[in-house]
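Novice: Chain order of the listed sequences is H and E.
By the count of the working numbering, the first sequence reaches residue 114 at its end, each step adding exactly one.
By the count of the working numbering, the second sequence reaches residue 1114 at its end, each step adding exactly one.
Where hints are given, some of them may not hold.
Unchecked claim - Chain H stretches covered by chain E per the calculated footprint, using a threshold of three residues with CB under 8 Å from any CB of chain E: (1) 38-52; (2) 99-109.
Said to hold, decoys possible - Far from chain E by the CB rule (all over 12 Å, computed), these chain H residues: (3) Lys17; (4) Thr20; (5) Asn28; (6) Ser33; (7) Tyr64; (8) Ser67; (9) Pro75; (10) Thr86; (11) Leu112.
Hints are computed from structural coordinates only; laboratory data are not their basis.
Glycine included, every Cβ here is placed at the ideal spot set by N, Cα and C.
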Amino acid sequence: EAQVTQNPRYLITVTGKKLTVTCSQNMNHEYMSWYRQDPGLGLRQIYYSMNVEVTDKGDVPEGYKVSRKEKRNFPLILESPSPNQTSLYFCASSLIPGGGETQYFGPGTRLLVL
Amino acid sequence: QKEVEQNSGPLSVPEGAIASLNCTYSDRGSQSFFWYRQYSGKSPELIMFIYSNGDKEDGRFTAQLNKASQYVSLLIRDSQPSDSATYLCAVLDDDSGSARQLTFGSGTQLTVLP
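If we strip away everything but chain H, and leave its shape as in the complex, we get (with noise of 0.2 Å):
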């Protein structure tokens, strides 16, 4: 079955304390993107990647370092974790660049930082 798959589902952690949030997808997409959802604001992405070392900044990447040294994985790391990065934040792949019609979403990873 086709997926993209994010660990942990939620977190709850205090300000400063590193956490990476992971990402896998099976279907061996090049194309993968960070975002973050906040209520009014909608997708907002946060980093994408083009494929294994690739990757570059989206709207919102301020607080947030990602990386891809495997295609199937593209983990989220916040390195000193913020209040305001509370959010719901999704992880997607997609066959073409900038997703579309291709595009699968992971389930979620909702965070709250005290």
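Starting from the known structure of chain H, arrange chain E on it as the hints suggest.
Specialist: Relative to chain H, chain E alone:
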């Protein structure tokens, strides 16, 4: 900054009626347009995409695109309570390089009343 605008709603329609959801976009060069359905707490699910001016029908859903007016809409015929969700409009720019990006609207919350 590319913008995608949607009326946040909530939009309420009675069961069996036609629900009409609207979206405008700022980038005249945009080429691909998508509608996602998102149930509360779940990930977005692609329901329609359209590339050419005019109408595209898929079951009870019809997407309409007017590039001259920079306007895309989604009609849901014979609305069912199970259609109650937030509908996200997304626009893909026409950059053929690595910078292609999917920009989302903030979503319209639809409630279908039994």
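Novice: Which hints, by number, does the structure contradict?
Specialist: 6
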